[in-house]
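Novice: The lines below spell out each chain.
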Amino acid sequence: MDLTAIVFYLFSIVTVGAAAIMVFSKNIVHSAFALMFSLAGIAVLYVLLYADFIAATQLLVYVGGILILILFGLMLTEQAVTQKFKAVTVNMLPASLLAAVTTVLLVYAYATTSWQMVMPEERSETVYDLGILLMSDYILPFIIAGVLLLIAIVGAILMSTRLTAIKNEEQ
Amino acid sequence: MFTQLPLIILVLPLLGFLLLIFLGKRLPRKGDWLAAGLLITALALSLSLLISKLAGQPDESFTQTFRWLAIGTHTIHFGITIDNLSAVMLVVVTLVSSLVHLFSIGYMKDDPRYSRYYAYLGLFSFSMLGIVLTSNLLFMYIFWELVGISSYLLIGFWYEKKSASNAANKAFIVNRVGDFGMFLGIMILFVNFATFSFKEIFDLVEAGQLPYGSTGWLTTAGLLIFCGAIGKSAQFPLQVWLPDAMEGPTPVSALIHAATMVAAGVYLVARMFPMLTADALLVIAYIGAITSFLAASIALTQFDIKRVLAFSTISQLGYMILALGVGAYTAGFMHLVTHAAFKAGLFLGAGSVIYAMHQVLHAQNDHHTDAQDVRNMGGLKSKMPVTYYTFLMFTLAISGIPLTSGFLSKDEILAGTLAYSTLNGHWLLPLLGFVVAGMTAFYMFRLLLLTFHGNPSDRERISAIKESPLVMTLPLIVLATVSLFVFYSFNPFGAADGWLYQAIERPISMVPNMLQPVDAGIFEEAVHHIHGTAMVLSILFALSGILLAIGMYYWKKIKAENLVQRTGVLYDLSFNSWYFDELYDRIFVSGLFLLTRISKWFDEHIIDAIVNSSAWVSRGIASVAGLFDTNIVDGLVHATAASADRAGSMLSKIQTGKIQTYLVYVIFSFLVLFILFI
Amino acid sequence: MELMITPWLAEPGLVHFLIVSALLLSLGLMAVLSRRNVIMVLMGVELILNSANINLIAFSRYTSLSLEGQMIALFVIIIAAAEAAVALAIVLNMYSRFNTVHLDEIDSLKG
Amino acid sequence: MEFQFLGLGILSWIVFIPILGMIIILLIPDRNRNAIRWTAAAVTSIQVLLAGIIYSVFDQAKTGINNIESFQFVEHHNWITVDAVPWVGKIKIDYFLGLDGLSILMVILTALIAFVGVISSWNIKKMVKGYFALYLLLIAGIMGVFVALDFFLFFIFWEVMLLPMYFLIGIWGGPQREYAAIKFFLYTFIGGILMLLTMLALYFSVAYTDPATGESIHTFNILHMMNPDNFVDGGLLGGLDTTWRYVAWMALFINFAIKIPIFPFHTWLPDAHVQAPTPISVILAGVLLKLGAYGLLRINFPIFPDATLYFGYFMAVLGMISIIYGAFCAMAQDDFKKLIAYSSISHMGIVILGIAALNTQGMVGGVLQMFNHGIITAVLFLSVGVLYDRTHTRGLYDFGGMANQMPKYTGIAMVGMFAAMGLPGLNGFVSELFSFLGAFAAYRWITIISVTGIIITAAYILWTIQRIFLGKTPDRWEDLKDLTLREYISFVPLIILIVLLGIFPSLAIDLINSSLSGLVELVTGGGI
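Chains B, P, H and A, in that order, give the protein sequences. Everything in the first sequence is counted per our numbering, starting at 1 for the first residue and increasing by one. Everything in the second sequence is counted per our numbering, starting at 1 for the first residue and increasing by one. Everything in the third sequence is counted per our numbering, starting at 1 for the first residue and increasing by one. Everything in the fourth sequence is counted per our numbering, starting at 1 for the first residue and increasing by one.
Do not take every clue at face value.
[Stated by the list, open to error] Subject to a maximum C-alpha distance of 20 Å in a straight line, what follows is the list of computed PhoX-like cross-link-like pairs (lysine-lysine):
no., chain 1, residue 1, chain 2, residue 2
1, P, K466, P, K381
2, P, K383, P, K466
3, P, K466, P, K109
4, A, K129, A, K62
5, A, K62, A, K126
6, A, K481, P, K162
7, P, K109, P, K25
8, P, K161, A, K472
9, A, K408, P, K25
Bear in mind the hints are in silico, worked out from the structure with no lab data behind them.
Required output: the full structure, derived from the provided sequences and hints.
Specialist: Here is the structure:
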């Protein structure tokens, strides 16, 4: 067992465990924080896979951005204050059945597939290559992604302002 | 000299028209001085042109052409010809036109559309000069129509009156009927000769070419072109428009119906003379004689001063046509010239009288009395001396009393007709001619006596009458002067010695020999022989006519009323213009309207009905198909729909509206597929 | 048997990562399907996305997919960010309209 | 002869600029009505400008008709080429535009009338955006028909023009607009089907040999169809004077006769005119009717010279009936607009008579009459529009004394009416003259009867003038205003042309003379 394997197992457990806590926790704030740990764990897994840039992005975007958004969402819907933290679940039986079947099927599929693997390249860093790729082969998706983000932001703002407008009318 | 000058003369009135139509109201005095000035300039130029032509090159003819358009391989030109005929006509037209311009300054001075009036006069003069100058048939036709339209505008000048616009329409449409024939004639000539030019057509005819290779078509073409003259010169059977055209302002009548428009027909015949066959000329002569007689007989009984003059115009034009028809070419043309002067004078004199009457009636606030009815006049002699004496002069001239211009020309015509009958045996022609001479003298003196002599119909009214202003009497004096014989011949009994006879010679006929009219030499010989007889006879007839008139209306020896009763039907015929208007109304106008109604009915009820019924049939088929559709095809559809509805309401229970339930379904089906296919 | 399993465990390779991702996917699925709070559902979606990303990056490491995989993962992250923003706006709207964040109470599309 | 801009030739521009304008108009919000109007005005003035350029550089000596070398401003590109189709072989449709003496007058006329139409559309209030968009589409279609030299392209433009017209009448028309629009649509649609069938028959009968590869290719190229050598052996329309050729000629003729319209296919016209708004009437009478006669000259005559000769007498008789019958019907109308509609039938009859003569005079007269009639009826319909805008009635008996009330309007309208009457000095005369002259050389008696039409025409026009302009003004029209500046702008160019072409007809005749001589030669003598 070399260091890589230890790190892998450790953070795999953290990730999956945190995810499980997130799913099954009754307190939604706990769930959110569990999600944070899970995402951070995934970032470490990325590092193990020589994807340093993605790992950093993962931390920045998910942990620093999306998670904050979710917490905001929690608070804006007044759930952090009103103590209605009971996250009663529905469809419990079919959901767990389906999830189990999915896991089994996937694991079976992964295990039985004969993967055409290549020898892992030892990369020092991927940022340079990614940058070149982004600016050459992927320039169009890159720009479209930028436009998408812009539209999403504008759209989100628009929807939220309309929200305030509705509220004002009601008052 | 003979190239630029005619063009300038032609363009001057057009310039007046354009200036007045666009700027008329903004010019000082509404631009009457401009129009009159331009016409007087044109007159001066025409006079100088005529004098230098006659003095310098009396035997030449000058033609210049401009390319108008090219079509296929033909090139069509606009051309101007100056020969003696057109030079004389130029002077006649510009003289009468400029005098009418002057006269109108007085007559029309209060009219609200004063400048428009002068603009139309300019357009009219331009068109008329175009007819005179043109060197080809096509442009003859073009200016011909332009004269038609400008006369339409002038006759209908007081368009608020329904009768005026009716008269204008009638004038134009009747003229169009004549033009229709003329157009056909032009087409026959062009299709066969590929040219419109008079000269080239004559040359080709002389060279033995005939339309469609037959002399019959040559005669036909000539007669068809003569149809134009029938229309414009108001010859039988298209004479009906002219009396009505008196609805226009009186100076316009003077211009249109004395000197210019109606004379255009005569001018056309004179121009076409070289290609008219003997047969065609005979027809022309008879039409002239009949017209002359008909119109004179109508003029005998009319009471409207202008209508009498109108019928006398038709009658005199008949004379001219008759003269041309029998081959007395120069006499006919000379009568055109002399008649232009004295008939314009008569109309202007009548205008002067009407103007004076109007002034009085207006002052007396009388709107019922007809200012043109001679029965409302009488005894004007002392009130309007200038008008009276000039009118007398014109009356003498038209009656053919020696020492007047009218005598000279009429005498020659009658002599020519008589000579023709001695050569060809058509005795009716001179007979009608002489009878008409007597009738003319009668009705003109009747008019003179009723208007100026006798007892005033209404003493108060007549005593208020005043002589017209100088601007109106001056043209009368001028015209009266040129109605004297000296201006045409120094021999009061022999027109043949005058300059006009020298200048205008009968052109050589170009038609094939067997169709030639009587040879000019032989004809002259016969005329010479018979001249004395004709002169005596014509004076006799005229004097008896005058005597009868004086007897009836001055001495009152013969009661007019008795005569009316005695003649009965004849009087009715005459008084109602032989019922031509009614006849045409019944046959042509009603016929036309009947045809239009039939066409409209046919269009709406037959053609459209076919269209609509085809639509109806297809709608019928459609409705049958529709029944099938609703009951059978739709039945199946409805059944399907119903079952779908039932199934739907069952299945809709699955729709819980909860998104997570749906997601469960989705994942479940996905997994099933996953298992099935892997 | 033991000899077979131990070296397989000792050297984490492609399949290991794939299994982790599969587990995460199932957990995410659980969250999406069973939690009635809409924000929890959102978090579940994030988890599913992340599991996909792990797959992609693992493939980029061990197969000929190479850097392309990372690239796609990058775009997934970008889109996830956009999605999160819009989704949150939707959630807020939903809350203001129905006054609840519980998905089982919202069934206006019920047939 | 390089007049290109952005890689497109001048003809493409003149055809597609209205489409461009339409797109711009569709992008302008509906409430910016003035922007929409000005855009349309700008687009049509550019068209007029382009037409002016075409006029100024047009080479009068070149014949065109069936010789690609002497066409001008040609644009010839492959458009649709499908290599191997079972049974058919190679399908080849070209984007093929060109101009010769036959079409130049029509192009100029279209540009001019389109411009005038926009000006007089200024007071359309209902759905301005849609109106102008459809209007420009219509113009593009018409312009396209006049310059297309590929039958398929011709057909497409032909149909493109049909639909906007339907909507323009059906939406912006008078009270019975739906009836009129559907009638119009059905008539022209039936014609379109006939043309489509004939076009396909021609396509399968004609094949030319590609000089490069030597293979035989079916084609829609109209010029190839004119060459008898290109008809394939055993093709439906091969040979000469066969029944099928007569049938094909007749099918095309009916299509074009509906558009012209010739008796008895004319009844859509009065309805369409009466219901259509003024500018659409102007377009309809001014340009659309010319498409029929143009189609006859561009397609029927040169492709089927044998059938044309065979049916010449027949056409002349129809022309004669149209002249007389149209005039009679016009005289019976009480509605000003209907009267002018029927007078259009009468005047287009002169066109048919002229071109049926199959000689240069008649042909030139006929084509010139197309142009002149376009201008004259435009003036007349605009005159009706002026009165209708002010009084909301078109009944001839409702008017009177307009000469006092509106002197300037009267002057202008009377010039138009006199021109319609064929008064010398105005343009109608010259074309009628040559139509009749040509026809007289070919069909003597028919022409003599037809010429009586000019008397009836004079009668009904003078009568109309009397009823509208002369007499006393009824009390209720005491305060009518004379022409506005906008109305002046729409009238004046047309009036100037009427007078100018009346005095100097060679301005127009010189353009078309050589082409029409060529056409006459092709039909009567050349080759066949």
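Novice: I'd like to know which numbered hints this structure contradicts. Please list them from smallest to largest.
Specialist: 4, 5 and 6
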